[in-house]
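Protein chains: 2
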Amino acid sequence: MEIIEVHTKSRPSTVYCGEGAAQAASEYLRGAQAFVVTDTNVSRLYADTISRLFPGAPACVLPAGERHKNRTGLFTILGKMLDAQLHRPSVVVAFGGGVIGDMAGLAAALYMRGTRLVQMPTTLLAQVDSSVGGKTAVDYRGVKNVVGAFYQPERVFCDPVFLNTLPAREVRCGLGEIVKTGLLDEKVGAKIRENADKLHELAFLQELAADCIRFKAGVVERDETESSGLRKCLNLGHTTGHALELLCGRRSHGEYVLIGLWLESFIAEGEGVCEPSYAQEVRSLVLRALPRIPRFPNAAEGLRFALLDKKNAGSGVSFILPKSRGAYAELTLPPERYAHYLNILAEERQ
Amino acid sequence: MEIIEVHTKSRPSTVYCGEGAAQAASEYLRGAQAFVVTDTNVSRLYADTISRLFPGAPACVLPAGERHKNRTGLFTILGKMLDAQLHRPSVVVAFGGGVIGDMAGLAAALYMRGTRLVQMPTTLLAQVDSSVGGKTAVDYRGVKNVVGAFYQPERVFCDPVFLNTLPAREVRCGLGEIVKTGLLDEKVGAKIRENADKLHELAFLQELAADCIRFKAGVVERDETESSGLRKCLNLGHTTGHALELLCGRRSHGEYVLIGLWLESFIAEGEGVCEPSYAQEVRSLVLRALPRIPRFPNAAEGLRFALLDKKNAGSGVSFILPKSRGAYAELTLPPERYAHYLNILAEERQ
Chain A
1 MEIIEVHTKS
11 RPSTVYCGEG
21 AAQAASEYLR
31 GAQAFVVTDT
41 NVSRLYADTI
51 SRLFPGAPAC
61 VLPAGERHKN
71 RTGLFTILGK
81 MLDAQLHRPS
91 VVVAFGGGVI
101 GDMAGLAAAL
111 YMRGTRLVQM
121 PTTLLAQVDS
131 SVGGKTAVDY
141 RGVKNVVGAF
151 YQPERVFCDP
161 VFLNTLPARE
171 VRCGLGEIVK
181 TGLLDEKVGA
191 KIRENADKLH
201 ELAFLQELAA
211 DCIRFKAGVV
221 ERDETESSGL
231 RKCLNLGHTT
241 GHALELLCGR
251 RSHGEYVLIG
261 LWLESFIAEG
271 EGVCEPSYAQ
281 EVRSLVLRAL
291 PRIPRFPNAA
301 EGLRFALLDK
311 KNAGSGVSFI
321 LPKSRGAYAE
331 LTLPPERYAH
341 YLNILAEERQ
Chain B
351 MEIIEVHTKS
361 RPSTVYCGEG
371 AAQAASEYLR
381 GAQAFVVTDT
391 NVSRLYADTI
401 SRLFPGAPAC
411 VLPAGERHKN
421 RTGLFTILGK
431 MLDAQLHRPS
441 VVVAFGGGVI
451 GDMAGLAAAL
461 YMRGTRLVQM
471 PTTLLAQVDS
481 SVGGKTAVDY
491 RGVKNVVGAF
501 YQPERVFCDP
511 VFLNTLPARE
521 VRCGLGEIVK
531 TGLLDEKVGA
541 KIRENADKLH
551 ELAFLQELAA
561 DCIRFKAGVV
571 ERDETESSGL
581 RKCLNLGHTT
591 GHALELLCGR
601 RSHGEYVLIG
611 LWLESFIAEG
621 EGVCEPSYAQ
631 EVRSLVLRAL
641 PRIPRFPNAA
651 EGLRFALLDK
661 KNAGSGVSFI
671 LPKSRGAYAE
681 LTLPPERYAH
691 YLNILAEERQ
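Protein sequence lines correspond, in order, to chains A and B. Its first residue numbered 1, the first sequence is counted upward by one per residue in my numbering. Its first residue numbered 351, the second sequence is counted upward by one per residue in my numbering.
Only chain A is shown next, with the shape it has when bound in the complex (with noise of 0.2 Å):
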């Protein structure tokens, strides 16, 4: 089991990775008064462990899916952690995917000012990525994420067990962020073009999550709040990605990731921040990864969501783009400019 300390100013976090993570979650929460959040897929598959984990803990069972990340999902949290008695001291235990860790996240942010939290995510997605580094919040009126804090878990328990049952769509979703994390740091970029065959083989994921979060850790820990400029590199391929995922909302976001990603790399290439023949090494790293680039007929309709996302303050839109091996720059397009991109994705394609 690997340990990553995260050092934020807010509050030191410890990311615990690999086999036995849950065991070890178990041991730490023994004697603490324990709160479940979980969805109601997780439930069917493990209600038992969670009992067996956190015996005698109370669980709040939300409704799965996305699209409930919402204010309600919010507050029946909330008002079943009053239900509960919680007090400071007590600890969120966010037992999920990434929906589960933002919301639950979100809950122990707010709940008397601040619970303790403990993340354990139980997919590819939320072991890689979302679980570290304080990020929570939930969607309102069509807009993701924009209402949240930055809130740091004080250890995240990242068990590969959890990984066996993930339907494919959910390791595909995962790998959005791992293909990301390639374009960002060239050490895990090297394993990925080294093994790209293995790139759907849990036992390779695995591997590389821990990989994964030693580099958001240390991006995180340099800019904690997204106010330095620098945490934005995590958003590569995300403008794109995010504005489809509203637009469309059937896919899972890490797929919406790749299919950025891909869009993004023609952005680069077109507007001269990285060369043909890199763009077409990214193009081809998507496509190991999420094989078919659907077409979307409206694409050009996502650019009102590309507007709305808080990254884009003033009239344009931004993006981070990958230049190099392991480097990305930053651009900002008018928001014309970026409809004619769009347009890419609803061409016909064979």
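Treat the hints as calculated values from the structure; they're not laboratory data. Just so you know, these numbers come straight off a predicted model, no measurement behind them.
Some, not all, of what chain A presents toward chain B, calculated at C-beta under 8 Å:
hint, residue
1, R71
2, F75
3, G79
4, A109
5, L110
6, Y111
7, M112
8, R113
9, G114
10, A137
11, Y140
12, R141
13, V147
14, A149
15, T225
Label pairs and their computed distance ranges (CB to CB):
hint, chain 1, residue 1, chain 2, residue 2, range
16, B, P413, A, N70, 15 to 25 Å
17, A, T72, B, G666, 26 to 36 Å
18, B, G415, A, P291, 50 to 60 Å
19, B, G666, A, N70, 32 to 42 Å
20, B, G666, A, A47, 32 to 42 Å
21, B, S665, A, P63, 26 to 36 Å
22, A, T332, B, G666, 53 to 63 Å
23, A, T72, B, A546, 47 to 57 Å
24, A, T332, B, T364, 31 to 41 Å
Backbone N, C-alpha and C fix where the C-beta goes; we use that ideal spot for every residue, glycine too.
Following the hints, position chain B against chain A.
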């Protein structure tokens, strides 16, 4: 105009206190994208002032009153912030009393995980206490301030010009926190004793305001998030005050604090925390601010609310009690023992 720096870990905060503070706010925000949150009472009196101080800034006017400090109010603000297309560098201006400061502060903390925040308190209570220190919250399911965050305003502008239109009830409300501060800080305490006959004169209260802010700033700097225990001292009188406020809810927060201080002087005396003569001094001081302590026939029911309070982890009820001039002590009572004291409020008095 006095300038008081509050050096907290999360972010520095500066308080401007005195004539001209409103104009200073206007100058400070020139060129920024300001967004004003206020209520119907304040707007009726100061709509023109707001337009003059912050020309062109969109405003969100909430219904006035403590009972609107809830999630509906919070999401009304967040929705209007989306309508106004605010981004992180935008500035929320909380223009009003404690309720507006708490709600607008929480909205600023949550919108896009945090925008800029300026507090512009217009009541005595907000000027001497609630606008400083970064506590933000809404009530939920009958529990006061149970959903909130610590979020420091970058600037607080306390201009006495707004106090001239305050109804007597609102002045008494501020007096609650001033008297409380006088019991915790002997510098303020001595000033109050020496000028007890001026306790309802605005000029004197304005003079005390800066002293109160300076004292609170010192406490908040040393314990921003109530983790070391020091900040809890600010809850003197509040255990009973909050419980009665939730039970009855007709008087102002500050009046309940005064009633709480009065009752808790009996607890301090009865439990041997202070000398009877000092308990008598505390009650005399309270009666200078609030000449008549009302009778609460159902006072014992307040116990239920006291047990829900976030300060009362575990099975007892915790108090910060007056010990001697400028000194306090913490005490936890079994619920039934507290109920016994609460009955003092139910007794007939002449």
